[in-house]
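Visitor: Sequences and hints are given; from them, build the entire structure.
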Amino acid sequence: MRFDTGLMSDSYTLYNQTVMDHFLNPRNLGEVPDADGVGEVGAAACGDIMKISLKVKDGRIEDARFKTFGCGSAIASSSMATELIKGRTVAEAMSFSNQEVIQALGGLPPVKIHCSVLAEEAIKAALEDYRKRHPEAAGQPER
Amino acid sequence: MRFDTGLMSDSYTLYNQTVMDHFLNPRNLGEVPDADGVGEVGAAACGDIMKISLKVKDGRIEDARFKTFGCGSAIASSSMATELIKGRTVAEAMSFSNQEVIQALGGLPPVKIHCSVLAEEAIKAALEDYRKRHPEAAGQPER
Amino acid sequence: MRRVYLDHLAATPVLPEVLAAMQPCFLEAFGNPSSLHQHGLRARDALARARAQIAALINAESPEEIFFTSGGTEAANLAIKGVAYANQRRGHHLVVSAIEHPSVLGSVEFLEKQAFTATRVGVDSQGWVDPEAVRAALTDQTILIAVHHVNHDLGAIEPVAAVGRIAAQRGIPLFVDATASGGWLPIDVQAMGASLLSLSPHRFYGPKGVGVLYRHRRARLVSILHGGVQEGGRRAGTENVPAIVGAGVAAEIARRELPERIAHTAKLQARLWEGVQHRISYVKLNGPPPGAQRISTTLNLSTEFIEGEGQLLLCDLHGIAVASGSSCVSKSLKISHVLAAIGLDHALAQGNLILSLGKDNTSEEIDYFVTTFAQVVEKLRGMSPMWADFQRGVIDSVIQPSGRGTSFAAHASALAGKPAAARPS
Amino acid sequence: MRRVYLDHLAATPVLPEVLAAMQPCFLEAFGNPSSLHQHGLRARDALARARAQIAALINAESPEEIFFTSGGTEAANLAIKGVAYANQRRGHHLVVSAIEHPSVLGSVEFLEKQAFTATRVGVDSQGWVDPEAVRAALTDQTILIAVHHVNHDLGAIEPVAAVGRIAAQRGIPLFVDATASGGWLPIDVQAMGASLLSLSPHRFYGPKGVGVLYRHRRARLVSILHGGVQEGGRRAGTENVPAIVGAGVAAEIARRELPERIAHTAKLQARLWEGVQHRISYVKLNGPPPGAQRISTTLNLSTEFIEGEGQLLLCDLHGIAVASGSSCVSKSLKISHVLAAIGLDHALAQGNLILSLGKDNTSEEIDYFVTTFAQVVEKLRGMSPMWADFQRGVIDSVIQPSGRGTSFAAHASALAGKPAAARPS
Ligand SMILES: Cc1ncc(COP(=O)(O)O)c(C=O)c1O
Ligand SMILES: Cc1ncc(COP(=O)(O)O)c(C=O)c1O
Chain A
1 MRFDTGLMSD SYTLYNQTVM DHFLNPRNLG EVPDADGVGE VGAAACGDIM
51 KISLKVKDGR IEDARFKTFG CGSAIASSSM ATELIKGRTV AEAMSFSNQE
101 VIQALGGLPP VKIHCSVLAE EAIKAALEDY RKRHPEAAGQ PER
Chain B
1 MRFDTGLMSD SYTLYNQTVM DHFLNPRNLG EVPDADGVGE VGAAACGDIM
51 KISLKVKDGR IEDARFKTFG CGSAIASSSM ATELIKGRTV AEAMSFSNQE
101 VIQALGGLPP VKIHCSVLAE EAIKAALEDY RKRHPEAAGQ PER
Chain C
1 MRRVYLDHLA ATPVLPEVLA AMQPCFLEAF GNPSSLHQHG LRARDALARA
51 RAQIAALINA ESPEEIFFTS GGTEAANLAI KGVAYANQRR GHHLVVSAIE
101 HPSVLGSVEF LEKQAFTATR VGVDSQGWVD PEAVRAALTD QTILIAVHHV
151 NHDLGAIEPV AAVGRIAAQR GIPLFVDATA SGGWLPIDVQ AMGASLLSLS
201 PHRFYGPKGV GVLYRHRRAR LVSILHGGVQ EGGRRAGTEN VPAIVGAGVA
251 AEIARRELPE RIAHTAKLQA RLWEGVQHRI SYVKLNGPPP GAQRISTTLN
301 LSTEFIEGEG QLLLCDLHGI AVASGSSCVS KSLKISHVLA AIGLDHALAQ
351 GNLILSLGKD NTSEEIDYFV TTFAQVVEKL RGMSPMWADF QRGVIDSVIQ
401 PSGRGTSFAA HASALAGKPA AARPS
Chain D
1 MRRVYLDHLA ATPVLPEVLA AMQPCFLEAF GNPSSLHQHG LRARDALARA
51 RAQIAALINA ESPEEIFFTS GGTEAANLAI KGVAYANQRR GHHLVVSAIE
101 HPSVLGSVEF LEKQAFTATR VGVDSQGWVD PEAVRAALTD QTILIAVHHV
151 NHDLGAIEPV AAVGRIAAQR GIPLFVDATA SGGWLPIDVQ AMGASLLSLS
201 PHRFYGPKGV GVLYRHRRAR LVSILHGGVQ EGGRRAGTEN VPAIVGAGVA
251 AEIARRELPE RIAHTAKLQA RLWEGVQHRI SYVKLNGPPP GAQRISTTLN
301 LSTEFIEGEG QLLLCDLHGI AVASGSSCVS KSLKISHVLA AIGLDHALAQ
351 GNLILSLGKD NTSEEIDYFV TTFAQVVEKL RGMSPMWADF QRGVIDSVIQ
401 PSGRGTSFAA HASALAGKPA AARPS
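Chains A, B, C and D supply the protein sequences, listed in that same order. Numbering-wise (the working numbering), the first sequence opens with residue 1 and increments by one. Numbering-wise (the working numbering), the second sequence opens with residue 1 and increments by one. Numbering-wise (the working numbering), the third sequence opens with residue 1 and increments by one. Numbering-wise (the working numbering), the fourth sequence opens with residue 1 and increments by one.
Hints in this document: simulated from the structure, not taken from any laboratory. Please note that the accuracy of each hint is not assured.
In silico contact screen, one side only, chain D against chain C (beta carbon under 7 Å); selected entries [stated by the list, open to error]:
| # | residue |
| --- | --- |
| 1 | Pro13 |
| 2 | Val14 |
| 3 | Gly31 |
| 4 | Leu36 |
| 5 | His37 |
| 6 | Ser70 |
| 7 | Asn77 |
| 8 | Gly106 |
| 9 | Ser107 |
| 10 | Val229 |
| 11 | Gly232 |
| 12 | Gly237 |
| 13 | Thr238 |
| 14 | Asn240 |
| 15 | Ala321 |
As the structure is a computational prediction, the values presented were derived from the model and not from experiment. Even glycine gets a Cβ: it sits at the ideal position worked out from N, Cα and C.
Guide: Shown next, in the form of structure tokens:
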């Protein structure tokens, strides 16, 4: 069965180009070696799981990596979230919001908004973990 | 708008060929001059009206004519009924049944059976009228 | 044989452009819009385009207000039952015109078996609903008003905008069945004040197997076919993609060609009615006269002393396709409830013929119809005992009374032993 | 790009013969079957022929037992609601399998809001209904049993004939949804003891926009779409003539080609499952193994440590069209109720992929799928924290437990702060 007619020449995607790009070519995939903070969260709604690990230096996020068990938009959301968070101070990152992810991705289908929420939660969990492991950091001046 | 394609080559009819023939080429259409009996009946169900007039000679129906206000099967039923009744004795005709009409027509759609009933009733009304006008006929020997 | 199609209210052929648009959906682009892969996404995209095309035809605010069903009947069922069920906590009363299509009245009757009540608002002799009568029928329990745009039998254009204003004042959704007008009259759901409106694309050169229900985003509506979450959860079942695509294209072309179609059919309509009046005696036009209050595509005629099925069959024999509202053509043996509702004399209802014009009919076809129809009438009157009785002065004409003889209806009911049912029981 | 279509349960293209048969119905033979003229009578004739073709496919006693609807969903709605309303004086109880399609379960839920009650009979881990469990669920109020022929997700062939015998003993009509099997398995309504049976022609190379409901002449059924008296008064609305004609031809060809189609797909099914097992670790087949108790066209796979939507998207990127029962692909964010009903572990339900074969798939396509799928799995596992945790022995495999680590489900529910919903709430 072949469908290579003119009709199939344009390629349809479930998500927009940015989301598809981050799903297919995820940025910051993996785990930071000797991470300073690791967050792993699960979505009650659908069962997705996201794990984000951070390398923090001088109160600033030097590296962020993710691994995600979940749909295309969950993978894209975590990819984008790690991109966005890199270079921010821990304090800045604490106010990170899923809206940034949605915006940077150029929008998500309504039913997939929760993926961006999960990314936010994973980052916050990782920051929480960082603070727990580095109680001294809480008082650190943020350059 | 033209539909003369091969697809339209066969001609579809609402009724079978016999019914269509009797509708398009009704037999015994008209009124018998100086009729010996006339019956006019109406169908309560649909509003059809049938009028049948008879010429009786020596206790035998010599001529029968009809006029009908009604659908194709009503016209065909009265045409066929007059055909069937011609030549019968009055006594024979008194037991005329709509089933004969249906059979001779090769069947009628279920919803149109009442047309044949109307034809039977018109004939019986005409015979009734004949007997009323010719009380002597009741006792007449039927050849 | 010459073939003249004058039954566009029953069905139209699809436009070549419509068929061309549908074609790929059968073979290559056959996906199910619920599928997440290329084939499904492509079908989804096609649905979205069709939705926008339909929205444009009726000036809906957003394509998301357009729902696809399997046809005009399902759209009417969804509108009536879907609104009723969605609002049953608010009330249980519906107000509908007495001459709505059976798909509307049948849905209402079904609901009446389920603790809903309904008021049927009558119409005048032309088939018009009085908006004030609609207002008078409203109660604080009323959850839906249904008045169609154009009556399918009579061609009367109803005062839906006036009804829409009353509906808006009272905050009650108005459903407008535009099955008989869609593609043939300008429709603006916003100007009309319609919360719901249905269309039947196969009556304006779209395909069969698809219907449209417009629903204003604030009108509550629940599904009546249950299952999957297609059509925003308001109509379950795999979408009929080719037909929906065809409906979209038909709508787009209808919108473009509307003025032309109206002008053309109005011209033929006038020619037809003039020709009939000129050639045939004792014939009456039912519904409004040609003009602004009648749709340009239809004529509803009653020819005295003969019955409609015979007219239809003889026309067909001469290649002319028409319809009739006579009791003889209905499976229930009742005259059209519409003809009964306008109080049409039984004799005239029986002699009914309905003609509906299309964009491809020609003046020559109209002339051929008129000539043929005159012969048909003559042939049937030659068979009719009523015509003979009329000639003898035994019964009188309803259309042009001479003052001699009894009425056909009185005559017929005397014969049948009961009154000829002017109204269906 | 290479394109391999493995989603025939969602949609099939129409056969060239089907399209050829439909074609005239759009342009020349476009009549409305309710019309009494040539165009209408011709359409009527076409419907009769299609009815006979469908009757032959399922061994119905008479074409008059065949009703056309707009699709499988409407057929199921009509069967469930139409039988329930028709028999509500006899009783108000329905018995259905728990893994019926949403069109069946949704219809039942709708009725439950209207004073009907229902018992959902569970299934075993393969997806089989136990006929004795159906028997046990019957009460003297039961008016309908519904058990589908083949489950759409699992491919399990249900013991419908055994259920049919119980139904016959108790004098209760049995409705068999054969949407997933029609055209792919022999169907004999008489041998099955089905009083009602539905088909979806667009799943066996017929068009969309048409469904079939078989109804044994003694089973009482009322209309659910109200209006005209089409389809013997059991389904109002202008008939979708082209689609019905296409359905008839598709049925005739399906009947002729059935053995061939079964043999071909069974061969591919075996090759596919063998290939997957050979190339991919930690993968499970849901539903019965290939063989007599499984339809030859489908495979339902669960691949551990990765989620289904991603598998689907990556397959699509390589031109392969598949489906998934993962919660991520559903608008309700729930895993398929079927996977929940067989008690499938949440991790496996999330990793679900559904493949459905067609008559035109080839061995090469299957091999291409297997190779591609192995890459897809590898890529997704590379992104999955669960795969990493499994490698480290933190969590264990459900399919091939090593005894080290906690279960995925326990891990996920700890993270989410509540148990992973194995059953939809
Ligand atoms: C006014 C009106 N509404 C609804 C319908 C039903 O449309 P369909 O038969 O296409 O379902 C019709 C059909 O004649 C109609 O004329
Ligand atoms: C078993 C079963 N029944 C009914 C349906 C509904 O069919 P349709 O979407 O064609 O209306 C489906 C569709 O997937 C199905 O699989």
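Visitor: Out of the numbered hints, which ones does the structure contradict?
Guide: 11
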